[in-house]
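In terms of the working numbering, the sequence shown has 157 at position 153, counting the first letter as 1, and numbering is strictly consecutive.
Calculated directly from the structure, the hints in this document are not laboratory data.
Here the structure is a predicted model, which means the values were calculated and not measured.
We put the CB at the ideal spot given by N, CA and C, even for glycine.
Each hint should be verified, as a subset may be incorrect.
[Said to hold, decoys possible] FRET-style restraints, in silico, Cβ to Cβ:
{"no.": "1", "residue 1": "254", "residue 2": "172", "range": "23 to 29 Å"}
{"no.": "2", "residue 1": "240", "residue 2": "272", "range": "25 to 31 Å"}
{"no.": "3", "residue 1": "184", "residue 2": "296", "range": "32 to 38 Å"}
{"no.": "4", "residue 1": "235", "residue 2": "265", "range": "35 to 41 Å"}
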Amino acid sequence: MPSSTRAKTANAAATTAVAGAFPQHLVPQTSLRTLVEPEDDGPSAQISRETAYKQPHAPDSAQQQPNGPSDDDDPSSEDDEDDGNDSDAEERDGSEDDDPPRASSARSTSSARRLKSRSPILGTDIPKDSKKRIKHAFRAIKRSRDYARVERLTGAPTYRQWRENISAALEQDSLMSILDGTIKEPPQDHDLRFEWESINIRAGRVLLSTVSKEINKDLAQYYLRPRFIWKQINSQHSVSDIQTTRDGFDALRRTVISRCSGVADYVHKIEQACEYAQTGRPRNTDWEINRCWHLLTNLDTPR
Numbered sequence: 005m006p007s008s009t010r011a012k013t014a015n016a017a018a019t020t021a022v023a024g025a026f027p028q029h030l031v032p033q034t035s036l037r038t039l040v041e042p043e044d045d046g047p048s049a050q051i052s053r054e055t056a057y058k059q060p061h062a063p064d065s066a067q068q069q070p071n072g073p074s075d076d077d078d079p080s081s082e083d084d085e086d087d088g089n090d091s092d093a094e095e096r097d098g099s100e101d102d103d104p105p106r107a108s109s110a111r112s113t114s115s116a117r118r119l120k121s122r123s124p125i126l127g128t129d130i131p132k133d134s135k136k137r138i139k140h141a142f143r144a145i146k147r148s149r150d151y152a153r154v155e156r157l158t159g160a161p162t163y164r165q166w167r168e169n170i171s172a173a174l175e176q177d178s179l180m181s182i183l184d185g186t187i188k189e190p191p192q193d194h195d196l197r198f199e200w201e202s203i204n205i206r207a208g209r210v211l212l213s214t215v216s217k218e219i220n221k222d223l224a225q226y227y228l229r230p231r232f233i234w235k236q237i238n239s240q241h242s243v244s245d246i247q248t249t250r251d252g253f254d255a256l257r258r259t260v261i262s263r264c265s266g267v268a269d270y271v272h273k274i275e276q277a278c279e280y281a282q283t284g285r286p287r288n289t290d291w292e293i294n295r296c297w298h299l300l301t302n303l304d305t306p307r
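Go ahead and model the full structure; you've got the sequences and the hints to work with.
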């Protein structure tokens, strides 16, 4: 059989097989269009070329890539993108944690300050004795006390009597420890700073209320510094021990029972003169002997 005859027979068999496998009414038109392409430049070819021309062209790099799964179909690329998004979110969260809101920062700062104020710093704390004295004085100033009985300080003549009276009154209120420096001043951030300032104000007001208007006018601006007021009064209105001793001996010489209103007045003046004469000296047996001797020698008239 010639070769051309065998080719026609094979084509006929293929056509018969296709026709038997796919009935004529079930053969998809797209398959026919795909299998049977017109050879002439007819309307079908023109439609195919126009359709191909209208399709978007991919970039050159994409055209050169071999056929295979694209990046869109690759699940690993999606995972990488998700990982990148997660890392970005973690970075944002970390940056937010590093830079908290101002309100929370302010609260943490105030909490730290309160903790610092309640925790004395090493090296700046005060002795336990000073703490006890401050607390005791703060409780004492809440009890109102009348200092009107203290004779007002007018100058050097009344200084010694004023100092004795005011010292006794301040000692009852535990405020004398501030004036003589027994209580140590706490630092600014100490938990007893408020009590310290309160008892200082109280002591300053007591001192200023028991002096004359002239002295008060010069020292009123230092009412928050009672220790300074105390030192200024002592330096300006006190007299030296030598002068006080001399005044005491002069008073002993002038005091006689005939110039006094009675025995009690005479005894009081002799004792006060002896106090001045013995200024700076310890009270001992000799002091009592001198006092008794002056009481007897100044009896100028029999009583």
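> Which of the listed hints are broken here?
Replying inline: none
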